[in-house]
Amino acid sequence: MIFAIVLIPMLAGAASYFVKGDRSRNTILVSTAFLHLVLSVGSLFFASAPALGGMLRFDEAGHLFLCTMSLLFLCASIYAASYIRFEGAAHRAPDDDGFIFADSPKNLFTACLLFFCGAMSLVCAAQHLGVLWIGIEATTFASAPLVYYHHSRRSLQAVWKYVMICSVGIGFSLIGNLLVMVAFSDAAKGSLFISDLLGSAASANADILMAAFVFFLVGYGTKTGLAPMHSWLPAAHGESPAFVSSLLSGALLNCAFLGIFRVHGICWSAGIGSFSGGLMIFMGLLSALVAAFFMIAQRDYKRMLAYSSVEHMGMAVLGAGLGGPAIVATMLHMINHSLTKGMLFLVSGNVLSASGTRRIGEVKGLFKLSPASGVLWFAGILAICGTPPSGLFVSEFLILREVFSRGMYLSGALILIPLLLIFGAMSRAVMEMFFGEPSRGGSGWRESASTILPPLLLLLVSIFLGLHLPAPLLAFLGKIGGGFKL
Amino acid sequence: MMDWLQTVFVVMIVADFALLASSRIAGCINILALQGVMLSVLPLLNHASVSNIFFASLIFSIKALVFPFLLRRALKMVNAKREVEPLVGYSASILIGLAALIFSFWLSGRMGSFSPGMAILGVSASVFTMFTGLFVIVSRVKAITQVVGYVVFENGIYLLGSSLMLEQNMLVELGVILDLLVFVLLSGIVVFHINREFDHIDTDSMDGDGPGREVPLR
Chain A
-5 MIFAIVLIPM
5 LAGAASYFVK
15 GDRSRNTILV
25 STAFLHLVLS
35 VGSLFFASAP
45 ALGGMLRFDE
55 AGHLFLCTMS
65 LLFLCASIYA
75 ASYIRFEGAA
85 HRAPDDDGFI
95 FADSPKNLFT
105 ACLLFFCGAM
115 SLVCAAQHLG
125 VLWIGIEATT
135 FASAPLVYYH
145 HSRRSLQAVW
155 KYVMICSVGI
165 GFSLIGNLLV
175 MVAFSDAAKG
185 SLFISDLLGS
195 AASANADILM
205 AAFVFFLVGY
215 GTKTGLAPMH
225 SWLPAAHGES
235 PAFVSSLLSG
245 ALLNCAFLGI
255 FRVHGICWSA
265 GIGSFSGGLM
275 IFMGLLSALV
285 AAFFMIAQRD
295 YKRMLAYSSV
305 EHMGMAVLGA
315 GLGGPAIVAT
325 MLHMINHSLT
335 KGMLFLVSGN
345 VLSASGTRRI
355 GEVKGLFKLS
365 PASGVLWFAG
375 ILAICGTPPS
385 GLFVSEFLIL
395 REVFSRGMYL
405 SGALILIPLL
415 LIFGAMSRAV
425 MEMFFGEPSR
435 GGSGWRESAS
445 TILPPLLLLL
455 VSIFLGLHLP
465 APLLAFLGKI
475 GGGFKL
Chain B
315 MMDWLQTVFV
325 VMIVADFALL
335 ASSRIAGCIN
345 ILALQGVMLS
355 VLPLLNHASV
365 SNIFFASLIF
375 SIKALVFPFL
385 LRRALKMVNA
395 KREVEPLVGY
405 SASILIGLAA
415 LIFSFWLSGR
425 MGSFSPGMAI
435 LGVSASVFTM
445 FTGLFVIVSR
455 VKAITQVVGY
465 VVFENGIYLL
475 GSSLMLEQNM
485 LVELGVILDL
495 LVFVLLSGIV
505 VFHINREFDH
515 IDTDSMDGDG
525 PGREVPLR
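Here the protein sequences line up with chains A and B, keeping their order.
Note that the numbering used here has the first sequence beginning at -5, numbered continuously upward.
Note that the numbering used here has the second sequence beginning at 315, numbered continuously upward.
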């Protein structure tokens, strides 16, 4: 079962590399995504045996992220199928710099998209720090060509930043792995199985483990997009096609966060949870603050969404740092952020196709250009700011309640101020995009079911989670272990 | 036996300084190859079992032959000037390197009290090598020198893994090799594209705005 979930996308990716014709490749993409979702959700109900000697197994946290990722991947691949068709028909227009650019070979692109899905499944299933590390490495490998889909100068710069910064981050987390092996050289005999590490955490060398955690936080934090290591994120999210940004933000950041979360759990059971948690709270607050200041001045709506991801990742890292009851809220936050941000990036692709520009000030009359996308954009922006009917309101509220109930008033204030600033910045941007008459309308792009329904579905799920938290989901979230049992 | 190990560590440190002072990209690549040779000797010095000989030859072929070859080819392919073009001058780089070396000795001395089995000189050499790699990445303008910096950074991680004297070193060796292969593959492609798009491999002037700044849209 686990092998199927990890390997089917990779094999399908390899197959689609050799298939000719957009239509058949799109069929492979969408049907694999659908099969992946069925298998991921299905394995919730059938206990599947651990694979590779226990290296791969779905625990609650991993399974939750897997299902979210799989749903998002299905929506993104339906969107991608229509996008690739549209691009094939009517591209070769100059980009914003006035340069003509070509696209990547489409077979390579579909293959990388599917391989990316497989790599992320591997991260979700990994119960061994080494395998986790390999999985996160593989996600960089698979997603770099995706970021560089449009061969323009700006995306080249973005992909260079992405590869360079994330590779250094991956290197840092390798050092973290080394130090964990040193810290557990007596306790767990150098094993990197998470269950072994959790079991023997009490007799580990706490000082070396602290050093290891710092390297993990910086290393995986780079990939999670925590400030000040976030600088690759706005570039990569801004330059890649809409559905790639959607996957990067909604699924890849979760995978990297899972890395931090696992190591934090080990620290927690080794009794240095207050150290690792304190660092995470600090990084979370810093990320939210930095994101807020960059968003105020942001003139590009895709980059604005990217900075919003930095803020939400900060919020999640803060929640995980608190530990205890905040873990449930954090996990809820991660799902809701994936759904809402994934949806918003998909809609941003519609806005870009309809208006032909990524500058906030130049999009005019969005409702007239593309009514359905306009409504979705408006609702999505409200939702991502944590306005009540959305699921993010619930999760942010729960995290904040935990902050205040522990008497951390300064931290509470430091997280509320960025939230307010971001709400202001985003709503101003939305207002600018709605008023006025459409100026550049002749892009030949029309809304279609495949570009409207996927984001709509994601939004509806997020709103549903905001209105009503199903009891089975809460029970499932409550079972998340990873060393946080109090 | 121990003397050879110490020699390897000292050569690594000297090579790092040579890298910081080197003004020609071709020279940097030669230093990289020298470090590769040094690292490939390490598994043999521990004990010469079959698997260690295998790893030594793998590391030798990748780090001392394949990477330098690829980098030299990339250098020949691009019509870049052959100078390094540092943002921080050579003598300032050396001074910063000295400070970093002192810091690495202090750090490894402190770490030595926690785990007695490790080689102090090896840990300081590896921390210093990692630092040199990162410093070259941030202080040199050209994409190809940044690749060199990254490979040096990975050399440092590998050296750290060897000098911590872990029993199951397999993961480190495999990890570093995997990491490097992925990185060199990706960066090779990107350097090729940068070269084609911009006619030079200078990451600093990819846009008119200099490094690190948000690119305005127009």
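No lab work stands behind these hints: they were computed from the structure.
Just so it is clear, CB atoms sit at the ideal spot from N, CA and C, and this is done for glycine as well.
Please note: incorrect hints may appear among the correct ones.
[Claimed, not checked] Some chain B residues near chain A, calculated using beta-carbon distances under 10 Å: (1) Ile376; (2) Ala378; (3) Leu389; (4) Met391; (5) Tyr404; (6) Gln460; (7) His507.
The hints, checked one at a time:
1. A least Cβ separation of about 16 Å between Ile376(B) and chain A goes past the 10 Å threshold, and the interface hint is therefore violated.
2. Interface restraint check for Ala378(B): the shortest CB-CB distance to chain A comes to about 20 Å, outside 10 Å, so the restraint is violated.
3. Contact between Leu389(B) and chain A, as hinted, is not supported at the beta carbon level, the nearest pair being about 17 Å apart and thus beyond 10 Å.
4. For Met391(B), the interface hint is violated, the least distance from its beta-carbon to any beta-carbon of chain A being 17 Å, above 10 Å.
5. Hint status for Tyr404(B) relative to chain A: violated, with the closest Cβ pair at about 23 Å, above 10 Å.
6. Against a cut-off of 10 Å between C-beta atoms, the interface hint on Gln460(B) holds, since the closest Cβ of chain A lies about 6 Å away.
7. For the restraint placing His507(B) at the interface with chain A, the shortest Cβ-Cβ distance is roughly 6 Å, inside the 10 Å limit, so the hint holds.
Comparing the model with each earlier hint shows violations of hints 1, 2, 3, 4 and 5; every other hint is respected.
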